[in-house]
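S.K.: Chains as they are written, first to last, in numbering that gives the first Met the number 0: chain D, 0 to 295; chain A, 0 to 194.
To be clear, the hints were calculated from the coordinates, so they are not data collected in a lab.
Note that the coordinates shown come from a computational prediction; the quantities given were computed from them, not determined experimentally.
Cβ atoms here follow ideal geometry from the backbone N, Cα and C, with glycine treated the same way.
Hints are supplied without guarantee of correctness; some may be wrong.
Computed spacing ranges between beta-carbons, pair by pair [to be verified]:
{"no.": "1", "chain 1": "D", "residue 1": "9", "chain 2": "A", "residue 2": "72", "range": "30 to 36 Å"}
{"no.": "2", "chain 1": "D", "residue 1": "244", "chain 2": "A", "residue 2": "133", "range": "56 to 62 Å"}
{"no.": "3", "chain 1": "A", "residue 1": "165", "chain 2": "D", "residue 2": "36", "range": "48 to 54 Å"}
{"no.": "4", "chain 1": "D", "residue 1": "73", "chain 2": "A", "residue 2": "143", "range": "27 to 33 Å"}
Partner residues are not named here, just some residues of chain D that face chain A (Cβ under 10 Å, in silico) [stated by the list, open to error]:
{"no.": "5", "residue": "11"}
{"no.": "6", "residue": "37"}
{"no.": "7", "residue": "58"}
{"no.": "8", "residue": "223"}
{"no.": "9", "residue": "267"}
{"no.": "10", "residue": "271"}
{"no.": "11", "residue": "272"}
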Amino acid sequence: MPEDVIDAPDTDVLAGEYVLGTLDPEERAAAHNLISADAAFAAKVKVWERRLGELHLMVEPIEPEGDVWPRIKARLPEPKPQPEPAITLPEFNLELEPEPEPEPEPEPEPKEERAAELELPSPFEPTATPEPASGPADAPATPSAEHVAENGKAAEAPPADVVELPSWQPAASEPAVAKPAPPEAPVAEAPVKPPATAPAPMPSFIPPKAEPTAAMIEIAQKLRSVRRHLAGWRVLAAVMALALVALAGLVAVWRYAPERVPPMLRPVALMRLAGISVDTGALPRRPLPPESQFEE
Amino acid sequence: MQGFSERLARERDAVVDIDTGVDITWLLAAASNGDQDAFERLYAATSAKLYGVVLRIVRRHDLAATVMEDAYLAIWNSAGEFNPGQSSALAWMVAIARRLAIDVSRQSGATEGEPEVVEENEGPGAVPRHALTDALKRLLTCIGRLEPDRQRMLLLAYYGAFSREQLSVKLDMPADLLKDALRRSLIEVEECLKT
């Protein structure tokens, strides 16, 4: 690898162009080789990816075909037992329990725990029928997808406070760019000489293996506790909403279809249940409206 | 009643908005531990963004689908290497997908197969102000200091990942001039971002 030939700013630009995507196939292959051979160059590529990375915010999302995920899933490895929430039974438990359970089967249990942690019970989903207890596993996937779609919509319809790029007009033929050079000039020299052996254009990721996992786990744990709190409140809200709906429904049925109410739920029965005695005969008749007294 | 439900919907949106970035980071962390359910949710939350990025570069749905497959497998395999201190999780994922998409677009060239998706607008979309991150603001400020032609060149290069050859045709600029302009623009942006 002719690293010594390439001076620093050139590799900087090469890394930038690599990330931008403007290199031609040979240059790109050379850059690939350089990434795996030269840690400094690989680091420069990372820096450029970070610099330009936020530009993706300006790309409008497009939903892929539905068969992409199944194909990814098919290529994932067999799910392995989750190491983290390994449940070990305390020793005294084994003595007390009549069934000792020799094989605790670590696979399914932790899986379920994780699913429960991931769950985002969202009683405020507009489409959700008020049954918070049902369908815990598959519910959360939809909101996020919806959200992405919403983001897309937001980006499409530019509201008043939209930031446009400084200048994105179609190239108004500006005479500022003079064209002295012979227009047929071929793309001649590449910043890097392609190596003699034809390099297989293999995508090679060798980021530094370092601290990230620890930091991520820490964040994940904090998040989990916050999420658990949130989940508690959401469940409470859901239960209260459910009670309210049931009560409103009961009152509505009393008012609009009293004959449909099962005998157990009739107002009289309920009041009796509460210890208030009522004589059934007198109640239903309302007093006449006052103006009727003046008729005739 | 109407007003209330509207407000409720708005509040829900706000919560989801704040949540999402965090969610993706968390899901990525869970995926790095081998949690496939979390990975599926990560896909659901991010696939439209990645597909948008990839399709702009390879410009064919069949190629884009293949790139998506490879990209998510790469994300699955290297999820443990993501460092939340350095970039957002989504930007990290997009970088992986872009890399693969550019590789494919350079390999395939003008091959037969599906017709290219015609992009009527090759420029970037607009960003709602609340979605502007500080990093993007700084980058756009620096790009905005370039001459208008170069701004356009740089953004076109990023979103479409066109080779210099394609760019020089699109921008009607001689190849060697374009190469020089690209080089200077990158250096200027780099200097600007460093200050």
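S.K.: With a cut-off of 10 Å on the beta carbons, see whether residue 37 of chain D makes it to chain A.
M.R.: Not OK, violated: residue 37 of chain D not within 10 Å of chain A, min 17 Å.
S.K.: Hold the hint about residue 11 of chain D up to the distance rule: shortest CB distance to chain A must be less than 10 Å.
M.R.: 7 Å, holds
S.K.: Can you let me know if the beta-carbon spacing of residue 9 of chain D and residue 72 of chain A is within 30 to 36 Å?
M.R.: 33 Å, holds
S.K.: Given a hint of 27 to 33 Å, does the C-beta separation of residue 73 of chain D and residue 143 of chain A actually sit inside it?
M.R.: The hint (27 to 33 Å, Cβ to Cβ) is violated, given that residue 73 of chain D and residue 143 of chain A are roughly 45 Å apart.
S.K.: Taking the CB of residue 244 of chain D and the CB of residue 133 of chain A, does the distance hold inside 56 to 62 Å?
M.R.: 44 Å, violated
S.K.: Given a hint of 48 to 54 Å, does the C-beta separation of residue 165 of chain A and residue 36 of chain D actually sit inside it?
M.R.: Violated, at about 28 Å.
S.K.: Close enough to count: is the Cβ of residue 272 of chain D nearer than 10 Å to one in chain A?
M.R.: 32 Å, violated
S.K.: A closest beta-carbon separation below 10 Å is what the hint needs, so does residue 223 of chain D meet it against chain A?
M.R.: For residue 223 of chain D, the interface hint holds, since the closest Cβ of chain A sits about 8 Å away, which is under 10 Å.
S.K.: Please verify that hint: residue 271 of chain D, Cβ, nearest Cβ of chain A, below 10 Å or not.
M.R.: 34 Å, violated
S.K.: Quick check on the hint: residue 267 of chain D CB to chain A CB, less than 10 Å?
M.R.: 31 Å, violated
S.K.: So, as I understand it, the hint says residue 58 of chain D touches chain A; can you test that by seeing if any CB pair is closer than 10 Å?
M.R.: 5 Å, holds
Going through the hint list in order, the structure does not satisfy hints 2, 3, 4, 6, 9, 10, 11.
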